[in-house]
Amino acid sequence: MISSGISTGLIAIIIILFAVVMTLFKGVRIVPQGQQWIIERLGKYKETLGAGLNIVVPYVDRVAYRLSNKDQILEVPSQDVITKDNAVVTVNAICFVKIADPQKAAYGVEDYEQATASLAMTSLRATIGKMDLDESLSSRDMIKAELLGVMSDQMTDWGLILRSIEIQDIAPSPSMQGAMEQQAAAERQRKATETRAAGNKQAAILEAEGIKQSTILRAEAEQESATRQAAAAISLAEGTKRANQLLAESISGEGGQAALNFQLATRYVDALSALSQSNNTKVVAMPSELSQSIGSLINAGVVLGTTAEVVADKKKQTQNQTSTNFPWNTENSST
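Position in the sequence shown (from 1) plus 120 gives the number in our numbering.
Warning: the hint list may mix true and false statements.
Claimed, not checked - Within a straight-line C-alpha distance of at most 20 Å, the following computed SDA-like cross-link-like pairs (lysine to any residue) qualify:
#1 K218 with S272
#2 K224 with S238
#3 K166 with R186
#4 K204 with M251
#5 K164 with Y179
#6 K218 with K321
#7 K166 with R149
#8 K264 with R186
#9 K164 with D181
#10 K146 with R186
#11 K264 with L239
#12 K321 with K332
#13 K224 with Y165
#14 K224 with D277
#15 K224 with G170
#16 K218 with L257
#17 K218 with D273
#18 K164 with P152
#19 K264 with A291
#20 K190 with A237
#21 K264 with I287
#22 K204 with P152
#23 K190 with P152
#24 K311 with E327
#25 K204 with G147
#26 K166 with V148
#27 K190 with D289
#28 K146 with T128
Worth flagging that the hints you see were computed from the coordinates, not collected in a lab.
Construct all of the structure, not just a fragment, from the sequences and the given hints.
Here it is as structure tokens:
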């Protein structure tokens, strides 16, 4: 009987100790950093536990939700969207969300992650549906700003803060990509043609400018050459005029005609000599006037010699007359 009572008492003590331990375990809650726990008491919201050691009523209070208060990354599934110009594009995005009110996040929506993704998909369809294809491909910042404005108000009621939403990819359909590639190739070809045409135009302008400058310089050179040729012609004419005047004065003087005949005959003979020395000349025809020309040359020489003697005699007579008229010159000379 005694041993039986001791065994029953030991079992009771063990049961009591176990109940105490379980009670303590149920009444103490240690919340990790970065999390918030929602406590329900008998099925009703009681409080939100923060990070650290927390005491709750055992068997009455329970942890209903464990929520993170860090920024969460939610992926928006890819979906096909029709643009304003009936082009099909595939769009996906990423949302950065933070829980601001754990109670609203737990009880305001059934699943805030799924709700956020669905809201983002709907907003993307509505926003891109108002844009053309080219605008939707090049206006990601505009799409982002509009999505933030549309989604933020709705997510506030869920106790969430939409930090940011980023468009990962906007991809047209394969057929649309082929058409866009053809369009891009045509656009590049057009730009290349315009660039080539602009280059040809510039080259033509430069060539025309070069021709213009060359023509101006050639005209100036021709004008300068003509001016110098005119000046040379004037100088030649003046020289010829002066030579003719001197020649006329010489001819009109005593013995001038004979000197002229002598010069003509000399030049005639020189011309015949040059003609006979030419390499291209095979036969030299002697004109019938050659003997007459040579005779004129001899006669002109005789006349020139006679004329020189006459001039010397006249000069001597003049000196004698001067000595007779002025005898002191002779005396001075003798002295």
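Against the structure, the hints come out as follows:
For the proposed pair K218 and S272, the alpha carbon gap of about 12 Å is at most 20 Å, so the pair holds. Taken as a hint, the K224 and S238 pair is honoured in the structure, with Cα atoms around 18 Å apart against an allowance of 20 Å. The hinted pair formed by K166 and R186 meets the criterion: a straight-line CA distance of about 14 Å does not exceed 20 Å. Between K204 and M251 the CA atoms are separated by roughly 5 Å; this keeps the pair inside 20 Å, and the hint holds.
Proximity of K164 to Y179 is assessed by CA-CA distance (about 14 Å); at most 20 Å being required, the pair is judged to hold. Restraint check for K218 and K321: not satisfied, since their Cα atoms lie roughly 61 Å apart, outside the 20 Å limit. Simply put, K166 and R149 have alpha-carbon atoms about 14 Å apart, close enough for the 20 Å limit, and the pair holds. Between K264 and R186, the direct Cα distance comes to roughly 30 Å. Violation of the 20 Å bound is thereby established for this hinted pair.
A hinted pair counts as satisfied when its Cα atoms are at most 20 Å apart, and K164 with D181 qualifies at roughly 9 Å. Restraint check: the Cα-Cα separation between K146 and R186 comes to about 16 Å, which is no more than 20 Å; the hinted pair holds. About 14 Å separates the Cα atoms of K264 and L239, which keeps this hinted pair within 20 Å; it holds. Proximity of K321 to K332 is assessed by CA-CA distance (about 16 Å); at most 20 Å being required, the pair is judged to hold.
A C-alpha spacing of about 11 Å is found between K224 and Y165, which places the hinted pair at or below 20 Å, so the restraint holds. In summary, the hint linking K224 to D277 is supported, as the alpha carbons are separated by about 7 Å, within the 20 Å threshold. For the hint pairing K224 with G170, the CA-to-CA distance comes to about 16 Å; that is within 20 Å, so the pair holds. Between K218 and L257 the CA atoms are separated by roughly 29 Å; this puts the pair beyond 20 Å, and the hint is violated.
For the given pair, K218 sits about 14 Å from D273 by alpha-carbon distance, which is consistent with the 20 Å threshold. A hinted pair counts as satisfied when its Cα atoms are at most 20 Å apart, and K164 with P152 does not qualify at roughly 23 Å. This hinted pair checks out: K264 and A291 have alpha carbons roughly 16 Å apart, not beyond 20 Å. Our distance criterion of 20 Å between C-alpha atoms is met by K190 and A237, whose separation comes to about 18 Å.
Of the supplied pair hints, the one linking K264 and I287 holds, its CA atoms being roughly 7 Å apart against a limit of 20 Å. With a C-alpha separation of about 49 Å, the suggested pair K204 and P152 falls outside the 20 Å cut-off, and the hint is violated. For the given pair, K190 sits about 12 Å from P152 by alpha-carbon distance, which is consistent with the 20 Å threshold. Our distance criterion of 20 Å between C-alpha atoms is broken by K311 and E327, whose separation comes to about 24 Å.
For the hint pairing K204 with G147, the CA-to-CA distance comes to about 60 Å; that exceeds 20 Å, so the pair is violated. For a cut-off of 20 Å, the pair hint linking K166 to V148 stands: about 15 Å separates their Cα positions. Taken as a hint, the K190 and D289 pair is broken in the structure, with Cα atoms around 26 Å apart against an allowance of 20 Å. Our distance criterion of 20 Å between C-alpha atoms is broken by K146 and T128, whose separation comes to about 27 Å.
When each numbered hint is compared with the structure, violations occur for hints 6, 8, 16, 18, 22, 24, 25, 27 and 28.
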